[in-house]
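Work out the full structure, taking the sequences as your base and the hints as a guide.
FYI, in this note's numbering the residues of the sequence shown are 1 to 269.
Treat the hints as calculated values from the structure; they're not laboratory data. Heads up, a few of these hints could be off.
[What the hints assert, rightly or not] Taking CB as the label site, the calculated pair distances span:
1. E154 x T235: 27 to 33 angstroms
2. G245 x A133: 41 to 47 angstroms
3. R237 x D110: 39 to 45 angstroms
Here the structure is a predicted model, which means the values were calculated and not measured. Think of the CB as a built atom: it goes at the ideal place given N, C-alpha and C, for glycine as much as any other residue.
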Amino acid sequence: MSSASIGIFDSGMGGLTVMRALRARLPGENFVYLGDTARLPYGTKSADTVTRYAVQASAALMRHGIKLLVVACNTASAAALPTLAETLAPLPVVGVIAPGAAAAVAAAPDGPIAVIATEGTVKGGAYVRAIQAIAPHMPVVQQAAPLFVALAEEGLHDGPLPELAAQRYLGPLLATVPRPRGLVLGCTHFPVLKAVIGQVAGPEVTLIDSAETTAAAVENVLREKNLLNGEGGGTARFLATDAPGRFAHLGQIFLGEPIDPGSVTLVDL
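Following this line, the structure appears as structure tokens:
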């Protein structure tokens, strides 16, 4: 079972930032990634719809004999993680919100902490609960930033459009008193816009990306369950529910390396 793949899914390509961190930390592991590109974004959908999509995506990955599931989507982690953990038990399921919250408290222990995320994640308050579960009196402010998802998916990660969007979304957060010391990138699409976000936020605000802490959490689970694969270089396969060629072309921005179009399979959920 240790040689089985780690399954990862997201609404689109943003979860590839998590896969990038996982491959760097666990180079011997095999991965299969599913991007639900036909139905993105998840952030504007209801929690019930996101949960249904997440169950369908995880079922598709289960058919590949995975040993662990990573929900590399903040919206799906917020809406569907308990359902997935119950439905797929005893398969381990790891989301991105709890690791991201832990990283935020570690990076800005005196707060305040700001969160930018999709509408669904912000409305659900998942990051507020997760952060305050660790630091009960931590002030947390939130801002939905839905346009960032579209900009990231279109490969528009620098230039005037992302800068204007960053100023629009971060302005209200940065105007709060006291000024936030940490800023959680509460969507896996947002790290590709990190340079623009950091420029607008300023050097005194620490940006928190959950990818690294999620990779550490996955490693801990695999180690505890004796599922680490130490054999050779790991493999990567990709599934997309729409436009596999576009997925391969733009996905390399998120993954940080080229994606062979031949390794991307079109699937129907």
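Structure-based check of all given hints:
1. E154 x T235: 27 to 33 angstroms: 29 angstroms, holds
2. G245 x A133: 41 to 47 angstroms: 42 angstroms, holds
3. R237 x D110: 39 to 45 angstroms: 43 angstroms, holds
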